[in-house]
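When you get a sec, could you build the whole thing from the sequences and use the hints?
Protein chains: 2
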Amino acid sequence: MSNNPDVARRGLLIILSSPSGAGKSTLAARLRAWDSTLNFSVSATTRAPRPGEEHGREYYFHSREEFRDMVAKGDMLEHAEVFGNYYGSPKGPVEEAINAGRDVLFDIDWQGGQQVRASALGKHVLSIFILPPSIPELERRLYSRAQDSKEVIDGRMSKSRDEISHWPEYDYVLVNEDLDETEARLKTIVAAERLRLSQQPDLVNVVRGLNQEFEERS
Amino acid sequence: MSNNPDVARRGLLIILSSPSGAGKSTLAARLRAWDSTLNFSVSATTRAPRPGEEHGREYYFHSREEFRDMVAKGDMLEHAEVFGNYYGSPKGPVEEAINAGRDVLFDIDWQGGQQVRASALGKHVLSIFILPPSIPELERRLYSRAQDSKEVIDGRMSKSRDEISHWPEYDYVLVNEDLDETEARLKTIVAAERLRLSQQPDLVNVVRGLNQEFEERS
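Residue numbers (the working numbering), protein chains in the order written: chain A, 75 to 292; chain B, 75 to 292.
Don't take each hint at face value.
Unchecked claim - Here are the simulated DSBU-like cross-link-like pairs (lysine-lysine), alpha carbons at most 30 angstroms apart as the crow flies: (1) K165/A - K261/A; (2) K197/A - K261/B; (3) K197/A - K197/B; (4) K261/A - K197/B; (5) K261/A - K261/B.
Keep in mind the hints are simulated off the structure, nothing from the lab.
In structure tokens form, the structure reads like this:
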């Protein structure tokens with residue numbers, strides 16, 4: 075990559091959405107393990123931390139007042155209220171990463187996806203939706219986590235149906251029948267997207283060099 | 075794939091362009107060897123067959139009158155005159171392949187690329203430009219073919235410079251430093267493109283099935 079700001083690459087905003095239990099978090103973790111240059115957008119939330127969760131790792135934990143204040147200041151790239159709690163993506167770390175040419179991965183829902191695409195940073199967005207292979211399988215995965223009550227799971231199932239209805243808003247759609255296969259497809263998509271013309275502004279220099287060589291020849 | 079025409083996939087038109095000697099034909103051959111479902115658009119030409127070339131394999135060989143007749147009838151998806159000979163892509167085989175959901179690979183120049191994109195079949199186009207690593211290397215490859223005179227090669231080098239100037243018109247650009255690496259990238263691009271929303275119309279049925287399962291649950 076060049077240091078010339080005219081041809082410096084701006085990072086991609088990679089949005090991964092899916093209903094809860096479709097494998098999104100596992101896939102996001104595998105993508106990060108595959109590419110250590112990938113930044114992950116840690117969400118802010120007003121929900122209480124669960125045992126083992128750490129501020130700045132799973133989430134940034136804030137009071138409702140703090141959260142509203144960040145939104146009012148324009149510090150949130152996107153935010154929404156889900157089951158009575160606020161969730162959002164702080165803008166600062168994303169801006170910093172993409173300006174340095176690093177891609178940022180977002181594990182967010184359709185509401186967040188729409189807001190990120192519509193935002194000032196939404197010019198270079200790659201969005202991928204993960205569909206579950208079946209609904210009984212989705213429900214089984216939610217129960218196997220064994221951390222939520224039936225009422226909570228019913229609520230999540232209803233939210234899942236709503237989430238799934240937004241699949242046509244995404245650039246790519248993957249049906250997660252097999253986790254390894256889906257992981258491979260996800261990597262293929264990210265690798266290909268980086269070869270797009272729009273993601274290689276430095277090619278201007280490559281072609282300038284070739285034209286120089288044509289000149290030297292004649 | 076479904077037999078329902080509403081959700082039947084139409085094939086992609088994959089356009090591969092590059093200056094002569096940048097490795098395009100080798101890469102096209104490797105892509106076809108990798109994916110036997112890929113159709114190749116055999117060009118029509120008015121130039122004389124070279125030894126070993128076969129009508130319908132390397133090219134469809136036609137007289138200038140026949141060629142002009144095909145153009146007049148609208149049977150050419152694109153055509154141009156290069157070094158005094160006509161070249162073009164017959165529309166019939168392309169239409170047939172994409173209607174059957176098969177992708178079609180085009181080994182054509184920027185003029186052909188522009189015409190294919192602008193054509194009635196140009197809705198689902200994936201275009202890739204191959205840049206040579208250097209101009210001396212490009213010239214070396216042209217000489218090593220040992221089938222053209224210095225004048226012919228000078229003409230090709232001039233056409234190469236013109237061809238290269240059209241690199242920003244393509245979806246993806248690859249610098250062919252290493253043939254195996256470029257081949258891998260080409261496959262990555264084709265594989266990813268097939269996972270796009272627009273290339274999976276059958277997902278409508280998948281989501282219909284998931285909604286059915288939601289209904290059965292409640």
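Hints, one by one, checked against the model:
1. K165/A - K261/A: Roughly 25 angstroms between the alpha carbons, so the hint for K165/A and K261/A holds.
2. K197/A - K261/B: Holds - the C-alpha atoms of K261/B and K197/A are around 26 angstroms apart, at most 30 angstroms.
3. K197/A - K197/B: Given that 30 angstroms is the threshold and the Cα spacing comes to 23 angstroms, the pair holds.
4. K261/A - K197/B: holds (26 angstroms)
5. K261/A - K261/B: holds (13 angstroms)
Checked against the numbered hints listed earlier, the structure breaks none of them; every hint is satisfied.
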